[in-house]
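2 protein chains.
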Amino acid sequence: MAPQLDSYFKTVDDLSDAFIERLRKAVAIPSISAEDDRRPDVIRMGKFLASELTALGAEVELRELGKQPHKEHLDLPPVVVARYGNDSKKRTILVYGHYDVQPAGIEDGWATEPFTLTVDDKGRMYGRGSTDDKGPVLGWLNSIEAHKKAGIDYPVNLLMCFEGMEEYGSEGLDDFIKEEAKKYFKDADAVCISDNYWLGTEKPCLTYGLRGCNYYSIEISGPGQDLHSGVFGGTAQEPMTDLVNVMNTLVNKDGKIQIKGIDELVAPLTDDEKALYGDIAFTMDNLYESLGSTTGIYPDKERTLMGRWRYPSLSLHGIEGAYSAPGAKTVIPAKVIGKFSIRTVPDMEIDAVNELVYKHVKDAFAAIGSKNKLNVFCQHAGKWWVASPKHWNFTAAGKAVEHVWGVKPDLTREGGSIPVTLTFEQATGKNVLLLPMGSSTDAAHSINEKLDKKNYIEGIKLLGAYLHYVAEEPITS
Amino acid sequence: MAPQLDSYFKTVDDLSDAFIERLRKAVAIPSISAEDDRRPDVIRMGKFLASELTALGAEVELRELGKQPHKEHLDLPPVVVARYGNDSKKRTILVYGHYDVQPAGIEDGWATEPFTLTVDDKGRMYGRGSTDDKGPVLGWLNSIEAHKKAGIDYPVNLLMCFEGMEEYGSEGLDDFIKEEAKKYFKDADAVCISDNYWLGTEKPCLTYGLRGCNYYSIEISGPGQDLHSGVFGGTAQEPMTDLVNVMNTLVNKDGKIQIKGIDELVAPLTDDEKALYGDIAFTMDNLYESLGSTTGIYPDKERTLMGRWRYPSLSLHGIEGAYSAPGAKTVIPAKVIGKFSIRTVPDMEIDAVNELVYKHVKDAFAAIGSKNKLNVFCQHAGKWWVASPKHWNFTAAGKAVEHVWGVKPDLTREGGSIPVTLTFEQATGKNVLLLPMGSSTDAAHSINEKLDKKNYIEGIKLLGAYLHYVAEEPITS
Ligand SMILES: [Zn+2]
Ligand SMILES: [Zn+2]
Ligand SMILES: [Zn+2]
Ligand SMILES: [Zn+2]
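Here the protein sequences line up with chains A and B, keeping their order.
Mind the numbering: the first sequence is residues 1 to 477 in the working numbering, read in order.
Mind the numbering: the second sequence is residues 1 to 477 in the working numbering, read in order.
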């Protein structure tokens with residue numbers, strides 16, 4: 001039976017101005033983790049969260065992570081961990097979010113001051129961090145406040161983990177999560193992360209899969225230093241010529257990976273999985289709009305979504321060491337480093353992919369017969385993640401979406417990676433749900449980032465409703 | 001009959017300390033044309049030359065070239081034009097040099113202060129501009145002074161043209177030369193430029209050819225903005241994939257240009273020309289030393305020199321718009337611009353080469369069948385230059401080399417371009433000779449630029465001797 005949520009929802013509506021005010025305060029703190037000078041602001045933001053949580057009655061700790069690697073003069077911002085409720089008869093849900101933001105300056109082309117939350121007449125709330133990820137993080141706090149004000153018992157024990165370095169590689173977080181999995185987080189029955197986006201603007205979704213990413217460098221070197229093409233052109237074998245040759249063997253114009261053996265690693269498409277794609281709210285026009293062009297590979301929605309979610313892709317990112325500025329320079333670069341990455345999917349294991357890539361690149365270079373030297377290596381690799389969308393964690397979230405938004409959510413995957421997802425799954429052994437609050441037009445990481453007022457307020461209802469449904473779901477796994 | 005030069009040579013030797021002092025003063029003026037802040041120093045250097053020339057009895061003018069294009073707040077440095085002697089019974093030689101220098105800072109790795117001429121125990125005079133091109137420019141002034149002090153009549157009328165923007169594209173100079181060809185430079189019987197280098201360190205050379213350079217951009221664009229490879233990898237046709245494909249069709253590992261029709265434009269090698277290569281003082285070890293590796297294309301000297309001088313070459317310089325920094329970034333660039341250039345030789349006309357390149361690139365792109373857009377264009381082009389080494393201008397210089405250095409000079413070409421050479425030839429219609437003073441190890445444009453004291457002092461003798469032989473050569477063309 002559906003939980004009674006009307007009074008919670010009404011209280012959220014009544015408090016909506018206060019919740020927007022809370023977001024305004026958070027956006028006003030320029031907690032940019034990538035900029036050394038802003039580190040005090042990042043720490044200030046962590047303390048702001050801690051004090052808000054304390055005021056709401058949560059037990060809060062600021063956990064220090066030590067100095068920043070390679071920048072030993074900088075303290076990493078603390079992880080804010082908190083617990084609200086400690087009732088062993090309730091389920092315990094662990095939620096994650098981040099309180100740091102991407103860099104932003106009005107000079108980048110923002111229409112409004114990036115650290116001043118500015119609401120327009122369509123209810124779009126502009127500001128850096130509004131949707132990524134301060135809105136969702138405050139969503140959890142607001143859900144606590146609305147329960148208190150409405151006099152409704154909070155349906156679960158809530159464990160919170162809010163970090164301040166997500167936009168700069170989550171320095172130190174992996175070890176922290178592994179360390180605390182059997183300590184601070186030991187009661188967690190499931191995990192919920194609200195740090196991604198709807199596929200479009202109208203229909204909510206639950207996300208159950210992410211691609212992984214293996215990032216490669218191909219170094220080719222020859223001469224002792226950069227050469228002048230007037231003096232040496234036509235007398236020396238040029239590393240750029242070799243590199244372009246090797247890079248050209250990796251992928252074709254339609255994104256088909258040319259590395260032998262990769263296809264065989266990919267889990268076959270089942271009829272069950274295939275059936276999921278038809279219903280998803282997505283059109284080719286959605287793709288063209290986000291691309292800003294009609295240069296898509298596939299003409300149909302299903303194959304396009306599969307290309308993004310469940311098949312690997314290979315992108316050539318660029319070349320380090322070659323001439324890259326505007327204008328003209330007649331240099332023969334002595335050493336060039338080609339960069340490419342492969343987005344990985346089940347069942348591509350990191351090491352198996354590396355082995356195939358190394359062999360392919362070495363063979364391609366050997367086929368040239370050049371006197372230059374080759375070095376190929378994986379810069380970093382993160383594994384794909386796929387959760388079971390039939391777990392009670394997802395069932396509860398699906399019911400909450402239907403209750404709040406009146407539609408069944410799309411079950412989506414994402415083409416990119418959110419590495420912390422896999423870390424939580426592996427460290428806790430629990431099901432992880434990605435439950436987005438914002439929509440596809442929110443422009444996280446771009447200028448004019450925004451969160452729609454409707455997504456924020458209904459999102460607060462959704463987070464609360466999700467916890468009520470969690471409390472009612474039978475334990476099946 | 002050989003001119004009597006002993007007393008001139010002795011005077012040069014006697015004055016050598018004063019000549020080095022003059023070079024020290026010139027090097028002390030950091031006349032870096034590429035740096036806005038140094039513009040007053042460039043102008044100061046022009047005035048220094050003018051005052052030295054005036055003191056020697058030359059008629060001097062500072063010719064203004066107006067504002068610097070695209071930097072209208074900056075005055076271009078003046079062209080210093082001067083005349084020494086106005087005797088209609090003498091020949092008139094027009095000499096060119098430049099008084100600006102490349103940027104330099106001790107922090108770049110110089111072993112000594114770049115703007116303090118520092119002479120070591122092997123007579124190597126280190127300093128920015130020592131060899132490029134202040135030493136050679138002062139060589140002409142010193143030759144005047146030594147004639148005056150020795151009481152010897154200067155053998156020719158000397159017209160001088162010294163510019164201050166050579167290292168920054170000789171802004172404004174072409175128009176100036178064309179304008180003055182029939183005015184200030186109208187008496188010139190031949191042109192001599194001392195702004196290049198010996199092929200090695202032991203044997204002087206006269207240079208009679210330069211390759212041209214056509215510089216191309218291949219722009220490929222698709223999406224409206226840069227994309228994230230997680231979100232769009234596998235759904236969009238990527239401009240980088242197409243560009244790497246097209247760039248890979250241009251040249252092979254051995255520098256062989258793959259563009260149809262280019263070979264047919266190249267003047268065939270004659271037996272006469274082929275015979276020139278055997279004697280030239282150059283070894284494969286010279287190549288390997290300057291390359292800093294043994295990654296040469298050809299195993300033999302002759303084919304290597306031909307590859308540098310008389311055959312075209314194609315170098316891939318880099319890609320604008322792609323990721324080029326160290327580290328990893330998972331971007332799909334929306335628009336990438338591949339840069340490459342072709343060094344051209346007789347009889348490759350600029351327009352004919354352009355046509356072949358455009359057709360090749362368009363065909364290669366069409367063969368991909370991509371939805372992205374292509375644009376290919378020539379950024380700039382400069383023609384090759386070949387003079388007749390049998391002209392009296394060269395004969396005179398050859399005899400002077402034998403007189404001063406005791407060896408017949410190598411007749412060389414260069415792989416790079418010195419655009420002003422062709423401008424002088426075309427504007428004046430006269431033979432142009434490149435008569436280098438410095439050697440291959442002088443490191444012009446690098447850290448620790450130097451000019452050997454021997455090359456400077458014997459070079460001053462050479463410039464004077466050349467003018468004496470010029471005065472005696474029968475007019476044959
Ligand atoms: Zn985020
Ligand atoms: Zn983010
Ligand atoms: Zn020069
Ligand atoms: Zn130079």
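Just so you know, the hints here were simulated from the structure itself, not pulled from any lab data.
Errors might be hidden in some of the hints.
Copies of the same chain look alike in the list, so a pair counts if it works inside one copy or between any two.
Stated by the list, open to error - Cross-link-like lysine-lysine pairs, in silico, DSS-like; alpha carbons within 30 Å at most:
id : residue 1 : residue 2
1  : Lys182    : Lys253
2  : Lys122    : Lys256
3  : Lys178    : Lys256
4  : Lys359    : Lys329
5  : Lys362    : Lys90
6  : Lys373    : Lys203
7  : Lys178    : Lys122
8  : Lys371    : Lys274
Computed from a predicted model, the values in this text were never measured in an experiment.
To test your reading of the hints: which numbers does this structure violate? As far as the earlier hints go, 1, 2, 3, 5, 6, 7 are violated by this structure, in ascending order.
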